[in-house]
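Novice: Given two chains presented individually in distinct reference frames, assemble the corresponding complex, making use of the accompanying hints.
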Amino acid sequence: AQKVTQAQTEISVVEKEDVTLDCVYETRDTTYYLFWYKQPPSGELVFLIRRNSFDEQNEISGRYSWNFQKSTSSFNFTITASQVVDSAVYFCALTGNQGGKLIFGQGTELSVKP
Amino acid sequence: GAGVSQTPSNKVTEKGKYVELRCDPISGHTALYWYRQSLGQGPEFLIYFQGTGAADDSGLPNDRFFAVRPEGSVSTLKIQRTERGDSAVYLCASSPSPGTGGWETQYFGPGTRLLVL
Numbered sequence: 004a005q006k007v008t009q010a011q012t013e014i015s016v017v018e019k020e021d022v023t024l025d026c027v028y029e030t031r032d033t034t035y036y037l038f039w040y041k042q043p044p045s046g047e048l049v050f051l052i053r054r055n056s057f058d059e060q061n062e063i064s065g066r067y068s069w070n071f072q073k074s075t076s077s078f079n080f081t082i083t084a085s086q087v088v089d090s091a092v093y094f095c096a097l098t099g100n101q102g103g104k105l106i107f108g109q110g111t112e113l114s115v116k117p
Numbered sequence: 019g020a021g022v023s024q025t026p027s028n029k030v031t032e033k034g035k036y037v038e039l040r041c042d043p044i045s046g047h048t049a050l051y052w053y054r055q056s057l058g059q060g061p062e063f064l065i066y067f068q069g070t071g072a073a074d075d076s077g078l079p080n081d082r083f084f085a086v087r088p089e090g091s092v093s094t095l096k097i098q099r100t101e102r103g104d105s106a107v108y109l110c111a112s113s114p115s116p117g118t119g120g121w122e123t124q125y126f127g128p129g130t131r132l133l134v135l
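Line by line, the protein sequences give chains A and B.
Take the first sequence: its position 56, counting from 1, is numbered 59 in the numbering used here, and each next residue is one higher.
Take the second sequence: its position 90, counting from 1, is numbered 108 in the numbering used here, and each next residue is one higher.
Isolated chain B (complex conformation) (with noise of 0.2 Å):
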């Protein structure tokens, strides 16, 4: 079956501006998470959803970074005012319903590459 998708796979901003990239999950899965990777870096969590609340968004750096996922599928991160600093990989990885097989665990999609100038 499909994976997990996001789009866009690239994205340029300049300084100051709004972005807002997008998650796609494995169909089913109603946990969805936000990491955040920089060059030579393990990804930092962000934020994790179950079904459309956010079970704990601990990793959200400030409040220029938000997320959302209003029909409990797909989600879209948000970032206001971009930084340099904000750029880097972000990824998004599903997994099943908590008490169902394999529940722990995480499957990823290929990540938005945000390039900051």
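Pulled out of the complex, with its shape left as it was, chain A reads as follows (with noise of 0.2 Å):
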């Protein structure tokens, strides 16, 4: 079965501060999608970044970087210098090769304090 964890279900920060957020995954598919979702408090889920099984490069966009490691089953997201804009839920997810439902963390709660 597929499963997402997301340990950390509340974090607060102090704006300007880094931040990072957990994701480890299980799966038993050789090929698989992870994902990170930003959900402000308007509700509506934003897609930030898929990554495939078989890219373990670090993707940097901005302040966001995302560090994949299959060894540890691992997805973390990293936020550079917070800004209270970044406040929001953020959900990490896990879909296998061929498409179709997403499995959902239970989501992080970040609030980036002025």
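The set of hints was computed from the structure by calculation and includes no laboratory data.
In this text, all values refer to a predicted model and were calculated from it rather than measured experimentally.
Incorrect hints may have been included.
Beta-carbon label-pair distances, calculated as ranges [said to hold, decoys possible]:
1. B:Lys35 to A:Ser77: 29 to 39 Å
2. A:Ser74 to B:Ser76: 27 to 37 Å
3. A:Ser64 to B:Gly117: 19 to 29 Å
4. A:Thr34 to B:Gly77: 16 to 26 Å
5. A:Pro117 to B:Glu38: 42 to 52 Å
In silico EDC-like cross-links for lysine to aspartate or glutamate, where the CA-CA straight-line distance does not exceed 20 Å [what the hints assert, rightly or not]:
6. A:Lys6 to A:Asp21
7. A:Lys73 to A:Asp25
8. B:Lys96 to B:Glu38
9. A:Lys41 to A:Asp25
10. B:Lys33 to B:Glu101
11. A:Lys41 to A:Asp89
12. B:Lys29 to A:Glu47
13. A:Lys6 to B:Asp74
14. A:Lys41 to A:Glu62
15. B:Lys96 to B:Asp81
16. B:Lys96 to B:Asp42
17. A:Lys73 to A:Asp58
18. A:Lys6 to B:Asp75
19. A:Lys41 to B:Glu62
20. A:Lys6 to B:Glu62
Derived contacts from chain A toward chain B, CB cut-off under 8 Å, selection only [said to hold, decoys possible]:
21. Glu47
22. Phe94
23. Phe107
24. Gly108
Idealized CB from N, CA, C, for every residue including glycine.
Specialist: So this is what it looks like as structure tokens:
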């Protein structure tokens, strides 16, 4: 069975701090896809990144970076120099090689205080 | 271009009533998904359409829940004999055709917040 675990329920930081959101996954598929979504207070899930299981290169997009490590089944997300607008719930998700349903973690609520 | 749209944005109903929730996917997306999100939880999968047919309905909790996509575009999620436990945000997502670039990525609508009194 597939499973995604986000052990951090809530994180609170002060603006300009760096913060890392953890994601650990379980799957028996050899090909799979991992995602991060942001859910701001407005409620709409916003796609941030997709990573396939064959590409372990870390990725950076502006203040966001992602660290994918198959050896530890982790796909962690770091926000550098956090801003108040980063306050949201962040979800890590997984799907298998055929696509289809996403398995979501429980989410991490990030609060960035000025 | 336009994203996924869902109507209504909010729905209040009484226990035992029938409700329909509508999803209009991104134009050209062949795959459509329904999820349910309870307060403080991650979205939970309900059903997935590829074109007009349900490719996976394993997440539907019971036979009170049904979804259709008759023309391969708009989808309707139907809930009969609603119960208070059905109260949640119902999310719809769509993705491009398998084999096209980025086909694995699902784009979500704003959701319908359902409250059953």
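Novice: Work down the list of hints and note, for each, if the structure agrees.
Specialist: Cross-check of the supplied hints:
1. B:Lys35 to A:Ser77: 29 to 39 Å: 45 Å, violated
2. A:Ser74 to B:Ser76: 27 to 37 Å: 31 Å, holds
3. A:Ser64 to B:Gly117: 19 to 29 Å: 25 Å, holds
4. A:Thr34 to B:Gly77: 16 to 26 Å: 22 Å, holds
5. A:Pro117 to B:Glu38: 42 to 52 Å: At roughly 43 Å between Cβ atoms, B:Glu38 and A:Pro117 fall inside 42 to 52 Å, so the hint holds.
6. A:Lys6 to A:Asp21: Given that 20 Å is the threshold and the Cα spacing comes to 27 Å, the pair is violated.
7. A:Lys73 to A:Asp25: Given that 20 Å is the threshold and the Cα spacing comes to 14 Å, the pair holds.
8. B:Lys96 to B:Glu38: 5 Å, holds
9. A:Lys41 to A:Asp25: 14 Å, holds
10. B:Lys33 to B:Glu101: At roughly 5 Å apart (the allowed maximum being 20 Å), B:Glu101 and B:Lys33 satisfy the hint.
11. A:Lys41 to A:Asp89: Cα-Cα ~9 Å, so holds.
12. B:Lys29 to A:Glu47: Status holds; Cα separation ~17 Å.
13. A:Lys6 to B:Asp74: 18 Å, holds
14. A:Lys41 to A:Glu62: 17 Å, holds
15. B:Lys96 to B:Asp81: 10 Å, holds
16. B:Lys96 to B:Asp42: It holds: about 15 Å lies between the C-alpha atoms, which stays within 20 Å.
17. A:Lys73 to A:Asp58: 10 Å, holds
18. A:Lys6 to B:Asp75: Between A:Lys6 and B:Asp75 the Cα gap is close to 19 Å, so the pair holds against 20 Å.
19. A:Lys41 to B:Glu62: 16 Å, holds
20. A:Lys6 to B:Glu62: 12 Å, holds
21. Glu47: Because about 5 Å separates A:Glu47 from the closest Cβ in chain B, which is inside the 8 Å limit, the hint holds.
22. Phe94: Result: holds, 5 Å to nearest chain B Cβ.
23. Phe107: 3 Å, holds
24. Gly108: 6 Å, holds
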